[in-house]
Amino acid sequence: MPKFFTEMNFKFSFLFLFAALFVTAQVGSLNINVYDEFSKKPLSAEARIVGANGSTYSGTGNISVAEIASGTYTLEISSAGYNPSFLNDINVVPNQNLTFTVGLTRAAAEIQEVTITRKTYKTTVESPLSLRNITSEEVQKNAGSNRDVSKAILSFPGVGSTATFRNDLFIRGGSSAENKFYIDGIEVPVINHFQTQGASGGPRGIITVDFIKDVDFYSGAFPAKRNGALSSLFEFNLKQARKDKLGYKAVIGLDDMQLMVDGPLSKDQSWSGLFSVRKSNLQLLFKAIDLPFLPSYYDATFKVSKKFGNGDELYFLGMGAKDSFKFNEDAEPTLNNLTLIDRIPSSPQWNYTVGTGYRHLAENGTWLFTWSRNMLDNQSLKYYRNIETPENLLFDYKSQESENKIRIDRDFSWADYQFSAGTNINFANYYNDSVLKNVTQNSVNFDRIESDLNLLQYGFYLQTAKKFFDNRLQLSAGIRLDASDYSDETTNPLEQFSPRFSLSYKLTDEFAVNFNSGIYYQLPAYTALGYAESGNLINKNTLRYIRNAHLVGGVEYNGKNNLRLTVEGYYKKYSNYPFSLRNQISLANIGGDFGVVGSEPLDSRGFGETYGIEFLAQKRTVNDFYGIMAYTFGYSQFSNAAGVLLPSSWDSRHILSVTAGKYFNRNWNVGARFRMQSGLPETPYDLQRSALVNIWNIANSPVQNYSLLNSARGNLSHQLDLRGEKKWIFKKWQLTAYVDLVNAYGSKSPSALPVVNLQRDGQNNGIIANPQAPQNEQVYLLETGEQDSSTPLPYFGLIFEF
Numbered sequence: 000m001p002k003f004f005t006e007m008n009f010k011f012s013f014l015f016l017f018a019a020l021f022v023t024a025q026v027g028s029l030n031i032n033v034y035d036e037f038s039k040k041p042l043s044a045e046a047r048i049v050g051a052n053g054s055t056y057s058g059t060g061n062i063s064v065a066e067i068a069s070g071t072y073t074l075e076i077s078s079a080g081y082n083p084s085f086l087n088d089i090n091v092v093p094n095q096n097l098t099f100t101v102g103l104t105r106a107a108a109e110i111q112e113v114t115i116t117r118k119t120y121k122t123t124v125e126s127p128l129s130l131r132n133i134t135s136e137e138v139q140k141n142a143g144s145n146r147d148v149s150k151a152i153l154s155f156p157g158v159g160s161t162a163t164f165r166n167d168l169f170i171r172g173g174s175s176a177e178n179k180f181y182i183d184g185i186e187v188p189v190i191n192h193f194q195t196q197g198a199s200g201g202p203r204g205i206i207t208v209d210f211i212k213d214v215d216f217y218s219g220a221f222p223a224k225r226n227g228a229l230s231s232l233f234e235f236n237l238k239q240a241r242k243d244k245l246g247y248k249a250v251i252g253l254d255d256m257q258l259m260v261d262g263p264l265s266k267d268q269s270w271s272g273l274f275s276v277r278k279s280n281l282q283l284l285f286k287a288i289d290l291p292f293l294p295s296y297y298d299a300t301f302k303v304s305k306k307f308g309n310g311d312e313l314y315f316l317g318m319g320a321k322d323s324f325k326f327n328e329d330a331e332p333t334l335n336n337l338t339l340i341d342r343i344p345s346s347p348q349w350n351y352t353v354g355t356g357y358r359h360l361a362e363n364g365t366w367l368f369t370w371s372r373n374m375l376d377n378q379s380l381k382y383y384r385n386i387e388t389p390e391n392l393l394f395d396y397k398s399q400e401s402e403n404k405i406r407i408d409r410d411f412s413w414a415d416y417q418f419s420a421g422t423n424i425n426f427a428n429y430y431n432d433s434v435l436k437n438v439t440q441n442s443v444n445f446d447r448i449e450s451d452l453n454l455l456q457y458g459f460y461l462q463t464a465k466k467f468f469d470n471r472l473q474l475s476a477g478i479r480l481d482a483s484d485y486s487d488e489t490t491n492p493l494e495q496f497s498p499r500f501s502l503s504y505k506l507t508d509e510f511a512v513n514f515n516s517g518i519y520y521q522l523p524a525y526t527a528l529g530y531a532e533s534g535n536l537i538n539k540n541t542l543r544y545i546r547n548a549h550l551v552g553g554v555e556y557n558g559k560n561n562l563r564l565t566v567e568g569y570y571k572k573y574s575n576y577p578f579s580l581r582n583q584i585s586l587a588n589i590g591g592d593f594g595v596v597g598s599e600p601l602d603s604r605g606f607g608e609t610y611g612i613e614f615l616a617q618k619r620t621v622n623d624f625y626g627i628m629a630y631t632f633g634y635s636q637f638s639n640a641a642g643v644l645l646p647s648s649w650d651s652r653h654i655l656s657v658t659a660g661k662y663f664n665r666n667w668n669v670g671a672r673f674r675m676q677s678g679l680p681e682t683p684y685d686l687q688r689s690a691l692v693n694i695w696n697i698a699n700s701p702v703q704n705y706s707l708l709n710s711a712r713g714n715l716s717h718q719l720d721l722r723g724e725k726k727w728i729f730k731k732w733q734l735t736a737y738v739d740l741v742n743a744y745g746s747k748s749p750s751a752l753p754v755v756n757l758q759r760d761g762q763n764n765g766i767i768a769n770p771q772a773p774q775n776e777q778v779y780l781l782e783t784g785e786q787d788s789s790t791p792l793p794y795f796g797l798i799f800e801f
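Quick note on numbering that gives the first Met the number 0: the sequence shown kicks off at 0 and runs consecutively.
If you're looking for bench data, these hints aren't it; they were derived computationally from the structure. Do not take every clue at face value.
Stated by the list, open to error - Once the Cα atoms are required to be at most 20 Å apart in a straight line, the calculated PhoX-like pairs of lysine-lysine come out as:
(1) K266 with K244
(2) K465 with K436
(3) K266 with K40
(4) K559 with K436
(5) K212 with K39
(6) K465 with K39
(7) K266 with K305
(8) K305 with K278
(9) K325 with K212
(10) K436 with K121
(11) K242 with K278
(12) K244 with K559
(13) K238 with K325
(14) K121 with K238
(15) K618 with K559
Based on the provided sequences and hints, a complete structural model is requested.
This is how it looks when you write it as structure tokens:
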């Protein structure tokens, strides 16, 4: 391993030295499309560069900022009668014309004057709190994120994670299955490589961060137009392609290589496109740091847009990924490595989402029509001790999920009220043809799953908003109705009546109090709905929509120099949660690892509650400094078999995150993030039962004692992430070198459970303590040890922009 890094460091150092010989100051340009946030109609506006320069540019609908020196800028966008907005951390690249879009909201009209409010941080009337916005540049400079949005979100309050290398985000005490994701109005169910089916986590994000304008992250106060979100909603807004010519960007990193192209596709510039392909190098990194598994992936992303003369827009977008991995046979044979090799299955996976949208500007608002199709193919194969013989087969899992979705969204105004209304329909198919052996709380099961489920889901929504007292008081109310033809328990939309209400009152120009309440519903995962035995859907008459009622209140302060302080308290009450009949636990406790969630007999008896308080202090870039401090104190509890509330697997009482960074002269940027999270609940192993030969040969691991569900606690987890970045600017291109060190000091494993495996003889067979006993009484001798410390993960690479 030292030789590997020595060689890599030499190569990168040579490139940096070579690049420095050709550095010269250069210029780029910007196009800023400015429109009314609600009607989407173009506005006459000005753009002012914040800082010593202070240059001002103007235009109607489009502001051209030409011949601006390469570097990082913040711009203030203003228009008469509208509240100003900001473009933060804009990276001007030499010889490139970058396009940005900015929506402005109307200012309060008083008798004598218009009251203008400058706002650096995004909120809406529908979501006055629990909404955080993060830009592409903020993601890329976030220490420890390695250009991955999900990891950057860990800097915000209410967000926890299960492991250093995974994106299993639990938000305000809810599992990762409760998160929803949209890109430019199109739902994208799979955003991670090696995604856990039935949840949303995985080790690496798919979405190309360079194509993102910004992300709206909701941890509550969900708008009525979005269905199925119980804990969080991610709205990814893609950037506009450059207008002058095709531009190219290449990333050569230790973990992956990526090529991106964007620019005009027609002479009149009405057609434009974004294109990206990426190949994993992660297997090289994992082999270098001696991990026992070597993941590999490919992904691609595109968006093609057509702008019409009347302001309408037609767009096509798509993204897909293919994942696989193999074992590292040269890994050091430690107890931890051998255990992982014994247990991790071969899990090839592929997925895609494609869609199209048409946005029409009407007289008093907009229409948005979207169609999309997505598909996930998930396979998993495992043999006992990886010996591929029929008798050693533990499971052969083959599953596919596909959806075709249509959405119609209408935004319009009437008098002083703003309305949003629409409908969505989803045609889904779930296919499963699998053979599985598994050990549950009181039995050993041999499952033959044959399922081919067709499903219809649909919904309607209406939401309205009104501002009073010169915009000091803002109110919003909305409803949703959702239903599915799955069973009699899900067909009546009135059973899923989903009201919501928001209030925001501005005490002063700096202080505001905010409130939201709502009831949200989510249909259980297809793995649960489609579980079948002998051709019969076992869960058809027992599952219902999961219900979650939210109550959130908070205080917000927006001060000088982009300072924002918020305090929010939340309470969430769950009912109808899927409950495992075999293990007698709520599925709310599952979903933080590789595999499948929900493919078993279930009912809807589960219930729970989460509550807590969050604090956020944030400062967007001012005087070349930026930072976020977030703290969350919370509880997460779900019911056990006796109907008693116990700590859930996401019950991290304390989560602290401190993120900071600074720009230096000569285009240096340095950042750091420290995260600390109190130990998560864990269920102890039943080592006596696990040692039974008949149990271990099927479970292939120790089995948990669910009668002691979450009665233990993991270790206090903490880690320091570091990032450094240096840019060299050339005549017609730019070179960026970055280093991102995740978990810099190799902190202790978050899990306090022991590593358990068999004691082996000279032929690598498990040693039976009592070979003369009857077969069902024979037990293995077990070996136990401590979890290895979490491994520091060094990511570094070069970014070329032309």
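Structure-based check of each hint:
Distance hint between K266 and K244 is fulfilled; the C-alpha atoms sit about 10 Å from each other, no more than 20 Å. With a C-alpha separation of about 57 Å, the suggested pairing of K465 with K436 is violated against the 20 Å cut-off. Between K266 and K40 the CA atoms are separated by roughly 24 Å; this puts the pair beyond 20 Å, and the hint is violated. Proximity of K559 to K436 is assessed by CA-CA distance (about 61 Å); at most 20 Å being required, the pair is judged violated.
About 17 Å separates the Cα atoms of K212 and K39, which keeps this hinted pair within 20 Å; it holds. A C-alpha spacing of about 18 Å is found between K465 and K39, which places the hinted pair at or below 20 Å, so the restraint holds. Using a Cα cut-off of 20 Å, the hinted pair K266 and K305 holds, with the two alpha carbons roughly 12 Å apart. A distance of roughly 29 Å separates the Cα atoms of K305 and K278; the hinted pair therefore is violated under the 20 Å criterion.
A hinted pair counts as satisfied when its Cα atoms are at most 20 Å apart, and K325 with K212 does not qualify at roughly 35 Å. The straight-line distance between the Cα atoms of K436 and K121 is roughly 50 Å, outside the 20 Å bound, and the hint therefore fails. Of the pairs offered as hints, the one joining K242 and K278 is violated, with about 28 Å between alpha carbons and a cut-off of 20 Å exceeded. With a CA separation close to 39 Å, the supplied pair K244 and K559 exceeds the 20 Å bound.
Proposed proximity of K238 and K325 is contradicted: the alpha carbons are some 36 Å apart, above 20 Å. Restraint check: the Cα-Cα separation between K121 and K238 comes to about 17 Å, which is no more than 20 Å; the hinted pair holds. Proposed proximity of K618 and K559 is supported: the alpha carbons are some 10 Å apart, at most 20 Å.
Hint compliance for this structure: hints 2, 3, 4, 8, 9, 10, 11, 12, 13 are broken, all remaining hints hold.
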